[in-house]
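Novice: Sequence:
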Amino acid sequence: MSQPDRTHDLVVWGATGVAGRLVADYLTEQYSPSELSIALGGRDKPRLGELEATLVNRRSAWEEIPIVIGDATEPESLRRIAETTRVVCTTVGPYTTYGTPLVEACIAAGTDYCDLTGEVNWVREMIDRYHDDAVAAATRIVHSCGFDSVPADLGTQLVQSFAIDTFGTPCDVARIYLEDGRGEVSGGTLASAAEVFQAASEDPLAQQTLRNPYSLAPKGERNGVDPGAQTTVKKDSLRSEWTAPSPMALVNERVVRRSNALLRYPWGREFECTEVVPTGDGLGGLARASAVATGLKAVTAGMAFSPARDGLRRFVFPDPGDGPTREQTEDGYFTVRVLGRGIAGDGPFVVESQVSADRDPGYGATARMLSEAAVCLVRGEIDSPLEGGVLTPASGIGEPLADRLRQAGLTVVVGEWDGPPV
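All letters in the sequence shown, in the order written, are residues 3 to 424 by our numbering.
Derived by calculation from the structure, the hints in this document are not laboratory data.
Treat the hints with caution; some may be incorrect.
Claimed, not checked - Taking CB as the label site, the calculated pair distances span:
hint, residue 1, residue 2, range
1, 408, 181, 17 to 25 Å
2, 207, 75, 22 to 30 Å
3, 223, 59, 50 to 58 Å
4, 299, 214, 17 to 25 Å
5, 36, 293, 51 to 59 Å
6, 411, 60, 15 to 23 Å
7, 73, 52, 13 to 21 Å
8, 140, 289, 50 to 58 Å
9, 347, 134, 35 to 43 Å
10, 68, 409, 40 to 48 Å
11, 166, 221, 21 to 29 Å
12, 420, 167, 14 to 22 Å
13, 236, 268, 25 to 33 Å
14, 289, 420, 23 to 31 Å
Unchecked claim - The calculated SDA-like cross-link candidates involving lysine to any residue, where the alpha carbons are at most 20 Å apart (straight line), are:
hint, residue 1, residue 2
15, 299, 214
16, 221, 388
17, 237, 290
18, 221, 271
19, 236, 181
The C-beta atom is built at its ideal place from N, Cα and C for all residues, glycine as well.
Generate the whole structure from the sequences, applying the supplied hints.
Specialist: Given below as structure tokens:
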């Protein structure tokens with residue numbers, strides 16, 4: 003838990019961006035000043051002032067919201083901000099470009115930190131450079147607290163905890179299903195994706211990070227039996243339907259494996275996880291899976307090719323800071339299901355978890371996930387043996403986050419699967 007004697011409980015860093023505004027809007031709606039001391043952070047004071055005025059006009063409980071000014075290119079300004087708060091909740095990406103100085107500042111100040119990054123190459127860099135320092139400082143640096151990767155990571159943890167409590171043994175396989183969803187994409191998200199592919203085209207370590215399924219595991223433990231992400235259309239052995247590769251597997255699977263490793267392998271060293279997109283059975287399911295796989299391959303090829311990537315950035319992607327309206331974020335939805343398969347003394351079993359919401363996954367729901375992760379850090383609502391480090395949602399916060407997400411209106415459930423025998 004971060005230092006208690008700070009001016010603020012929580013700084014929303016990047017508050018004037020698309021995701022940052024949603025986080026600030028949600029927190030001021032959900033909590034009063036007496037429950038949570040919030041400050042709005044960024045580099046543009048006039049825009050922060052406009053946001054503060056909007057929020058104060060919208061929320062009768064809030065008469066004013068403090069503003070803190072800093073710049074990612076001025077590390078000392080970030081250090082001063084980190085020293086004033088117990089937790090920094092940041093939405094400022096691409097993290098590869100803007101994230102590192104803030105991580106450094108938070109570790110130096112003993113300030114807990116959470117973000118919504120899906121940039122695995124940058125997360126690997128933070129692990130290698132700062133994990134030991136964060137452990138020594140007893141500071142939690144919790145990456146990927148949005149749609150990447152809370153539903154997959156927390157959903158897997160819930161499945162495993164239920165399996166151990168009910169059957170006395172963990173699941174040896176977890177399959178993550180990106181079942182359903184509708185949402186918008188902002189310029190910041192697309193810029194972050196482009197940064198990952200650009201790094202992979204220039205940096206051998208980034209290339210290795212994308213190739214190795216265990217690339218986010220602790221040093222010395224970056225190998226294992228898991229073959230990694232599904233790359234072709236396959237018939238699913240648990241649900242007997244066709245599946246396509248998931249565009250989020252690159253991030254989510256590695257985060258789940260890191261959780262298992264950081265928690266000292268409660269799910270076993272031979273645990274495997276795969277994220278897929280289910281498309282149904284029969285010829286229709288096969289056709290849909292093929293279409294998803296073909297589309298994903300085309301996008302990946304385009305992003306990996308420098309001229310095509312630059313063209314997408316210039317002529318197709320919206321600018322960073324542009325994104326869905328507040329109304330659009332409330333019009334989306336998603337469902338992520340995790341099935342875990344194990345073998346107990348009386349035979350095989352399957353456990354099921356579900357994380358879902360009736361709002362845009364990447365923004366409306368992500369704002370709630372990130373916000374509640376930050377509140378868990380502020381209040382010390384942690385179920386983890388780890389006191390610090392570069393962590394994941396499951397390893398750095400754990401099941402208290404599930405309780406907060408339920409209170410925030412998301413569906414988070416776990417139990418025995420009622421599907422056909424395995």
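Novice: Out of the numbered hints, which ones does the structure contradict?
Specialist: 10
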